[in-house]
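For the sequence shown, counting from 1, position 7 maps to 7 in the numbering used here; every step adds exactly one.
Fair warning: there could be bad hints in the mix.
List of simulated lysine to aspartate or glutamate pairs, EDC-like, C-alpha gap at most 20 Å [to be verified]:
no., residue 1, residue 2
1, LYS129, ASP151
2, LYS94, GLU108
3, LYS129, ASP47
4, LYS99, ASP118
5, LYS129, ASP118
6, LYS41, GLU138
7, LYS99, GLU114
8, LYS41, GLU114
9, LYS76, ASP47
10, LYS59, GLU124
11, LYS94, GLU124
12, LYS27, ASP47
13, LYS53, ASP74
14, LYS129, GLU108
15, LYS41, ASP7
16, LYS59, ASP7
17, LYS94, ASP126
18, LYS53, GLU108
19, LYS94, ASP75
20, LYS59, GLU138
21, LYS53, ASP95
22, LYS120, GLU138
23, LYS53, GLU119
24, LYS76, GLU114
25, LYS5, ASP37
26, LYS27, GLU108
27, LYS59, GLU108
28, LYS99, ASP74
Since the hints were derived computationally from the structure, they do not count as laboratory data.
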Amino acid sequence: MQRSKNDLWVGLFVLLGAAAVLFLALKAANLLTLNFDSAYKISARFDNIGGLKPRAAVKSAGVVVGRVQNIVFDDKYYQASVNLAMDSHYVFPKDSSLKILTSGLLGEQYIGVEPGGDEKNWAEGDIVKQTQSAVVLENLISQFLFSKAADSSSAPAPSALPATTEPTTTEPATTELTTTEKK
């Protein structure tokens, strides 16, 4: 009898530990959010979403104010249409803008909200017009390399510069300072 009671407690403890590990894994993978607040849905179109994924955070001033609900390709505009679920207790002016940002240098991507100044706020079904696409690191590197290659090809070669036979010297400028004494 005593042994079965101990086995029951050990089994319960193991189940509780497994549930805690599962909860932490889902929370770390951003697959589980325990938010039972109501939300309003808005959408936005981006030229390039980079590595943005569904369930990614929507943040304003570093605070999570919503989540990416889903991402679909809009074949009418040839852009990515991103549907967002914004927490209803966070309201933003209609002229607010959305940017796809990255946590750190190579971290996960999220959507940042920059509040505007309009008196009317976003509502259910609104489409945000002011968006800025993700910065793709590969594009930045190729632009940097291309501009460096263009700069080096437009600079004259050292042998093309005229050679000077006499060194040029400059005389130091002299300035006379006069002081007047009062008597």
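*Are the Cα positions of LYS129 and ASP151 separated by 20 Å at most?*
37 Å, violated
*LYS53 and ASP74: Cα distance at most 20 Å?*
16 Å, holds
*When you check the alpha-carbon spacing of LYS129 and ASP47, does it fall within 20 Å?*
Satisfied, since the Cα-Cα distance of roughly 12 Å is no more than 20 Å.
*Within 20 Å, alpha carbon to alpha carbon, are LYS76 and GLU114?*
Given that 20 Å is the threshold and the Cα spacing comes to 27 Å, the pair is violated.
_Hint check: LYS94 vs ASP126, CA-CA at most 20 Å. Holds or violated?_
9 Å, holds
*Keeping to a limit of 20 Å between CA atoms, is the pair of LYS120 and GLU138 held or broken?*
39 Å, violated
_Would the hint linking LYS41 and GLU114 be met if the CA-CA limit is 20 Å?_
Roughly 17 Å between the alpha carbons, so the hint for LYS41 and GLU114 holds.
*asked:* Does ASP74 sit within 20 Å of LYS99, going by the straight-line distance between their CA atoms?
replied: 18 Å, holds
_LYS53 and GLU119 were given as a pair; does the straight-line alpha-carbon distance stay at or below 20 Å?_
At roughly 31 Å apart (the allowed maximum being 20 Å), GLU119 and LYS53 break the hint.
_Between the alpha carbons of LYS129 and GLU108, is the straight-line distance 20 Å or under?_
Judged against 20 Å, a Cα distance of about 24 Å means the pair is violated.
_Tell me if the straight-line CA distance from LYS59 to GLU108 falls inside 20 Å._
Answer holds: LYS59 to GLU108 is near 13 Å, not above 20 Å.
*asked:* Does GLU108 sit within 20 Å of LYS53, going by the straight-line distance between their CA atoms?
replied: 9 Å, holds
Going down the numbered hints, you'll see the structure goes against 1, 2, 6, 12, 14, 15, 16, 19, 20, 21, 22, 23, 24, 25, while the others check out.
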